[in-house]
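*Asks:* Each chain is listed here by its residues.
2 protein chains.
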Amino acid sequence: MSGDYKNMWKNLGLDLEAHDALLEVLGTGYQDIYMSQQDRPEGMGYFDFVVSEVHGLRIKELMDEKAAGRKVIGSFCVFVPEEIVRATDATLVGLCTGADFAMDEVEKLLPRNTCSLIKSAFGFKLGKVCPYLESADMIVGENTCDGKKKSYELLNNLVPNLYVMDLPQVKSAEGRALLKAEYLRFKKAVEELTGVTIDATRLKKGIEIVNNKRKAVHRLSSLRKADPAPISGLDALLANQVFFYDDPVRFTESVNKICDELEQRIEKKEGVFPEKTPRILMSGCPMALPNWKLPCIIETSGAVIVGEESCVGERGTRNLTDNSWDTVDELMEAIVDRYFQVDCAIFTPNSDRLDHIVEMAKTYKADGVIHYGLQFCQPYLMESMPVEKALEAKNIPSLRIETDYSMEDVEQLRTRVEAFVELLK
Amino acid sequence: MSGDYKNMWKNLGLDLEAHDALLEVLGTGYQDIYMSQQDRPEGMGYFDFVVSEVHGLRIKELMDEKAAGRKVIGSFCVFVPEEIVRATDATLVGLCTGADFAMDEVEKLLPRNTCSLIKSAFGFKLGKVCPYLESADMIVGENTCDGKKKSYELLNNLVPNLYVMDLPQVKSAEGRALLKAEYLRFKKAVEELTGVTIDATRLKKGIEIVNNKRKAVHRLSSLRKADPAPISGLDALLANQVFFYDDPVRFTESVNKICDELEQRIEKKEGVFPEKTPRILMSGCPMALPNWKLPCIIETSGAVIVGEESCVGERGTRNLTDNSWDTVDELMEAIVDRYFQVDCAIFTPNSDRLDHIVEMAKTYKADGVIHYGLQFCQPYLMESMPVEKALEAKNIPSLRIETDYSMEDVEQLRTRVEAFVELLK
Chain A
1 MSGDYKNMWK NLGLDLEAHD ALLEVLGTGY QDIYMSQQDR PEGMGYFDFV
51 VSEVHGLRIK ELMDEKAAGR KVIGSFCVFV PEEIVRATDA TLVGLCTGAD
101 FAMDEVEKLL PRNTCSLIKS AFGFKLGKVC PYLESADMIV GENTCDGKKK
151 SYELLNNLVP NLYVMDLPQV KSAEGRALLK AEYLRFKKAV EELTGVTIDA
201 TRLKKGIEIV NNKRKAVHRL SSLRKADPAP ISGLDALLAN QVFFYDDPVR
251 FTESVNKICD ELEQRIEKKE GVFPEKTPRI LMSGCPMALP NWKLPCIIET
301 SGAVIVGEES CVGERGTRNL TDNSWDTVDE LMEAIVDRYF QVDCAIFTPN
351 SDRLDHIVEM AKTYKADGVI HYGLQFCQPY LMESMPVEKA LEAKNIPSLR
401 IETDYSMEDV EQLRTRVEAF VELLK
Chain B
1 MSGDYKNMWK NLGLDLEAHD ALLEVLGTGY QDIYMSQQDR PEGMGYFDFV
51 VSEVHGLRIK ELMDEKAAGR KVIGSFCVFV PEEIVRATDA TLVGLCTGAD
101 FAMDEVEKLL PRNTCSLIKS AFGFKLGKVC PYLESADMIV GENTCDGKKK
151 SYELLNNLVP NLYVMDLPQV KSAEGRALLK AEYLRFKKAV EELTGVTIDA
201 TRLKKGIEIV NNKRKAVHRL SSLRKADPAP ISGLDALLAN QVFFYDDPVR
251 FTESVNKICD ELEQRIEKKE GVFPEKTPRI LMSGCPMALP NWKLPCIIET
301 SGAVIVGEES CVGERGTRNL TDNSWDTVDE LMEAIVDRYF QVDCAIFTPN
351 SDRLDHIVEM AKTYKADGVI HYGLQFCQPY LMESMPVEKA LEAKNIPSLR
401 IETDYSMEDV EQLRTRVEAF VELLK
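If you read the protein sequences in the order shown, they are chains A and B. Residues in the first sequence are numbered consecutively from 1, following the numbering used here. Residues in the second sequence are numbered consecutively from 1, following the numbering used here.
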């Protein structure tokens, strides 16, 4: 991490000592996992830089935006519509959740049997090490799973600016009406926070920026159909993770630049792994930065990851918002339509997701699917059963993994993954 | 269990051998836990009989009702409005969930980290030992917690007649609208199932029957304010459990008869435990028949339970449905109003429940509160944290217990409960 950001972090109320320790671990982990990869696209240099500055330059940019009167909104979920935030010139950022921190403190507040993602969010707050959370003018929670829904009641005691969005559980007419009412309420809240009234021009611009970001990752995904794979799953995951942190326009350009490079690789039949390397589709719970444990195990066990059916991946980015309408009302309907398609496991039934996993396995020519479930994440763990069945019905091998953010089970996971990869050869 | 019900059970598709084993365990457990109590009200003889015939005579009655063209509807939750069922002369029964059964089979279908209540429901189905489930013409699931919501997708593969009711998560205008839409849809489904059209007279009659049942348990609860306690918590819990199984009119009469007896006891200052015995309010997850583990530990550790803040208890029964309206529309609104007050932990925020626990502790003159959380039940486990704080703020001692249906932790629980009771003396 370059630059002297100590004063900025101090002003944000971070615990400098703990934060230094976190950055040290993050840096070492990144070196070990990312920089040890062979034949990475040159364009990944940009993402290396982003990660090295994820708590530095990027926070400085947010501070500059705030100084210029713009607002920063933090979120934990892909159901928070970035289009609306962007329409007010505010910035939406993902909040820190991908690593264990201050677990002793966390377990005084949350039940032990809570998933790592939620515990992590609390750990970053209690440990005072998330500059995104501390710089946010509004933190948006959402009633997705029980764990998040109920933990926001507790988070509300720790932060002064929590806004909770309700979400439907069923894709019925009433469910859509609820989502629409909540998005209209959110729009109003963002307008109040920013002092900006969202008109059609602003909203269309917001949609365009976010759609472009999505189109860039669609292009990246599409290039991963090639064999040999032109980019590792770890690097593609990183792009999907940075999606939540970086400036959207710069992000879009950077991903497109990598895609230009990958197209040349594909033309030359160059890849990061040999042709015929077993190809894995990852499916399941989101992997927030710096949660790279399982992908790293997979890609050092003789396989390559060719797609992520995940909130941090195709579930989060696959659909565009229809920008062909002219009024705020119509555009809001289009936003509701877009997000109502997200096939999160909180919905019941959620058969679209089963179809999408099978479709992705075919599209990306995956030899097998690894389902990633966070321990205690009831929606995804329960749904992993029908996922397995749906894949079985199509003769697609699958492996169900249930894990957390700790490193205790790495060798055990490696053994299971290696055995699975062996099956696919 | 008297009578020869073998043929009936066989016709229902039960596994007779497994079912015999279950009844044996149930019978022994009941003897050990219930019949060993001292100075029980004579009226409890009725409930002893009910339990002894819970899979016998009661099922025979349901079979007779079915033969006469009436329907049986099974449910797992207090959000299923019995008024509507009763208005069609159908019978609503609670489905078996209070004990571990066929766990090996269950864990092939459900994640290991699923709460005992849900696993138990699946165990009774997979083990073919629940005559209520097998005799039901309709089984109603409901989107309460993630565990139940997602497990109904799996249960749907095991039963031919599952109906799933959506529920809100927030007590907003949209939340109420969703509950109303779902209750209207349920009314229609019950009308279709039974062939009975619900008019105002029928609905008023249904409401009256269910209200009377509630009033009887309110009367029972109220008598437990006395010191010495005129009835054990175990016996009162049993009445609350049988609430879900018995014929409602007969149940009402039987509870009122016990109340007459208890009033005499109170007048004579007679109780089941000595005066000044430490008084415990139980709060938390529902305890379905035959889940008596924790109450038994508490009442054999020198304390008496004086109230249940639970679905199987006051959370489930406290509010009446306003029966003073004249049209079906108005009465349906009254039903929605009544159930929308239920302060289940699936709602966020759910501060009403915190207030109600404090209020109950005062009303029933509890010396302390034991919060009962089923392992992996995220809503109640998360909410146990603010419950503890709310009680602390009122200087009411509390103990948080997290357990399952197994007997492995009995001695450990006893040690903790005894220490807690010692504190209250």
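Please note: incorrect hints may appear among the correct ones.
Sample of chain B residues facing chain A (criterion: CB under 7 Å; computed from the structure) [unchecked claim]:
#1 VAL25
#2 PHE49
#3 ASN113
#4 ASP146
#5 GLY147
#6 LYS150
#7 GLN169
#8 LEU178
#9 LYS180
#10 LEU184
#11 GLN378
#12 PRO379
#13 GLU392
#14 ASN395
Here are the simulated EDC-like cross-link-like pairs (lysine to aspartate or glutamate), alpha carbons at most 16 Å apart as the crow flies [to be verified]:
#15 A:LYS171 x B:GLU388
#16 A:LYS171 x B:ASP166
#17 A:LYS180 x B:GLU153
#18 A:LYS171 x B:GLU174
#19 B:LYS60 x A:GLU174
#20 B:LYS389 x A:GLU153
#21 B:LYS108 x A:ASP166
#22 A:LYS389 x B:ASP166
#23 B:LYS180 x A:GLU174
#24 A:LYS108 x B:GLU388
#25 B:LYS171 x A:GLU388
#26 B:LYS171 x A:ASP166
Don't read these hints as lab results, they were simulated from the structure. If you're wondering where the values come from, they're calculated on a predicted model, not measured in any experiment. Idealized CB from N, CA, C, for every residue including glycine.
*Asks:* If you check each hint against the structure, which ones fail?
*Replies:* Of the numbered hints given earlier, those the structure breaks are 1, 2, 9, 10, 13, 14, 15, 17, 19, 21, 22, 25, listed in rising order.
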